[in-house]
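Trainee: What follows is each chain in one-letter form.
Number of protein chains: 2
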Amino acid sequence: MPELRKDPVIGRWVIISTERGRKPSSFIPVPKRREASLCPFCPGHEDSTPPEVMAYRAPGSEPNMPGWSLRVISNKYPALIIEGALNREPKGIYDRMNGIGAHEVIIETPEHAHDMVDMKVDEIRDVLWAYRERMIDLQRDIRFKYIQIFKNHGEEAGASLEHSHSQLIATPIIPKRVLEKLEGSRRYFEFKERCIYCDIIRQELGENERIVKDYDAYISFEPFASRFPFETCIIPKAHQSSYLEISKSDFYVLASCLKDTLIRLRIALNNPPFNYILHTRPISNESHDYFHWHIEIIPKLTKVAGFEWGSGFYINPTAPEDAAAFLRGIDVNEFEKMNAKKSN
Amino acid sequence: MPELRKDPVIGRWVIISTERGRKPSSFIPVPKRREASLCPFCPGHEDSTPPEVMAYRAPGSEPNMPGWSLRVISNKYPALIIEGALNREPKGIYDRMNGIGAHEVIIETPEHAHDMVDMKVDEIRDVLWAYRERMIDLQRDIRFKYIQIFKNHGEEAGASLEHSHSQLIATPIIPKRVLEKLEGSRRYFEFKERCIYCDIIRQELGENERIVKDYDAYISFEPFASRFPFETCIIPKAHQSSYLEISKSDFYVLASCLKDTLIRLRIALNNPPFNYILHTRPISNESHDYFHWHIEIIPKLTKVAGFEWGSGFYINPTAPEDAAAFLRGIDVNEFEKMNAKKSN
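Chains as they are written, first to last, in our numbering: chain F, 89 to 432; chain D, 89 to 432.
Chain F on its own, in the form it takes in the complex (with noise of 0.2 Å):
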């Protein structure tokens, strides 16, 4: 059973995970090789998984078979795992509970070599349309507060696997930078009784200086304190607190709006490895319209080092004007019409 347990000082909770249990010796580097045909993400390998907990299927197609064009199933080594009761407890000065939650793998496409920016605004879609699928089956627990969606996107970003997909952790608190943005957002309304998103996104229009595009009901934009070079941000142009409140028909337009991110990525920063966050309000009867939800990317482009984790203080070698000016330049047809030709 993992164990959730609570640093005394600052009050940040870690999981210790006996699920992912790994020995001293494990972390001496050992090059890892990839095969295509052994991957556990391709049909025809689904009973090297965990059942589905749902598929987007071909009528006719069964369970745990070849047929699928989006699958989701549990994290064969979970970080939190779902039986059981959590079992808060002391420990001394110290807490602990048990290690309860969902942890979910989104298999977003059958094609092994198809990363996001491959795949057709359609399929991107249907994966964004599974991640709200999941939020609302997984809200039902009683026992979750808070759902996390993310990708990880290559060896360096923390992907083990190649094979484009998606996670979901669902954890019994909310997470602590969940409850410093909703604190922060919270506060900043109290005082003015507006978004801070809002304007945020207001500024942004008007100074155009970091918007990288501005779509139909989103923007892209890289933030103004943004921590690491060609962070990006992409955001719903009305106020939504929760990404449960998009509209069916603008789930086309999301996708669209993150292919096109994703590719001017792609293209800057030649294949960068990058993670992605969608930061969502927690489940709770309690009203969190002070906030506004929104995708965080972050490409991994610099180590992270002793300052950084010392301070919590970032240092970001490249100007997001600087970053937002080359991301608008990119054409992003030409990758288009490129990977279409490749793919007749």
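In short, the hints are calculated from the structure, not lab data. These numbers come from a predicted model, not from an experiment. Honestly, I wouldn't trust all of these hints.
Repeated chains share a single entry, so a pair holds when one copy, or any two copies, can fit it.
List of simulated lysine to aspartate or glutamate pairs, DMTMM-like, C-alpha gap at most 20 Å [unchecked claim]:
1) Lys94 <-> Glu268
2) Lys264 <-> Glu396
3) Lys301 <-> Asp419
4) Lys94 <-> Glu409
5) Lys233 <-> Glu150
Keeping the supplied structure of chain F fixed, place chain D upon it in accordance with the hints.
Mentor: Relative to the frame of chain F, chain D by itself:
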């Protein structure tokens, strides 16, 4: 001029570093070559670094010439620069100020091939003493609120030169992570009227499950809620809020303790990349008696991925109790003996 920018939602400051300005193309990885004969930190190459701020030298040797055993210089590519005024100002809803601060490098040894584990305890004591001297000097500058001292070892941990060195960054604001530690320990103190770190030490010594070694005036241990495998903390048993409270004679003990801990990590994890960070109280007239200085050592063994970035919630695959047991079992004398043989 570098710029400090504040995240409007969570209040985290970021350094937008123009001196280190990097174009998008410069992020495409280029394999690095290293040659000791070209190392700017080696004796004889003093003219390829900025002039020294201080040095420990053989009697009669000239500044910025060979003859030193330790040398402190300004960073050639500083994240923050020393000359100028802060000019804190709004930019619409955002906050910015000039990137004023000090960024120094402590070259720990003239020997290119000596890591801290290869150095004599006397030499490490001198490094720790140099930290103290630089802190005392810099805290006279009223623009500075905090002095962060840290070390990056290995390329994966952010070291761009392999010659053993530490760094110091003095900042005009108290960094967020430092504030969190201060705030957490202050709240505990108000509630319990005891230092939380003193209570942690008491519990760790009592349980004796996570202690790596009990030195005389210090202990090294694996924190209960370690974020990373083999995260290790060195802390004085006696209550001291500031690093500057260490008695002169204790510097040798601290140096032995640091060396012993680094040797254990070196052997257990086959020379892992790591960061260490000195956490001490801020520069201020205010009493910070609730705080307790310590050194945090973080081996770089796992990748920080989307979940961690999004949630601030870490997944640690090695229980601190297992890591401590493993480190306790290391034969430090054996390493010392082999090292002595090598250098004969």
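Trainee: None of the hints should be skipped; say for each whether it holds.
Mentor: Status of the hints after comparison with the structure:
1. Lys94 <-> Glu268: This pair counts as both: shortest intra-copy Cα distance 16 Å, inter-copy 14 Å.
2. Lys264 <-> Glu396: both (17 Å within a copy, 10 Å between copies)
3. Lys301 <-> Asp419: within (12 Å within a copy, 58 Å between copies)
4. Lys94 <-> Glu409: between (38 Å within a copy, 15 Å between copies)
5. Lys233 <-> Glu150: neither (33 Å within a copy, 64 Å between copies)
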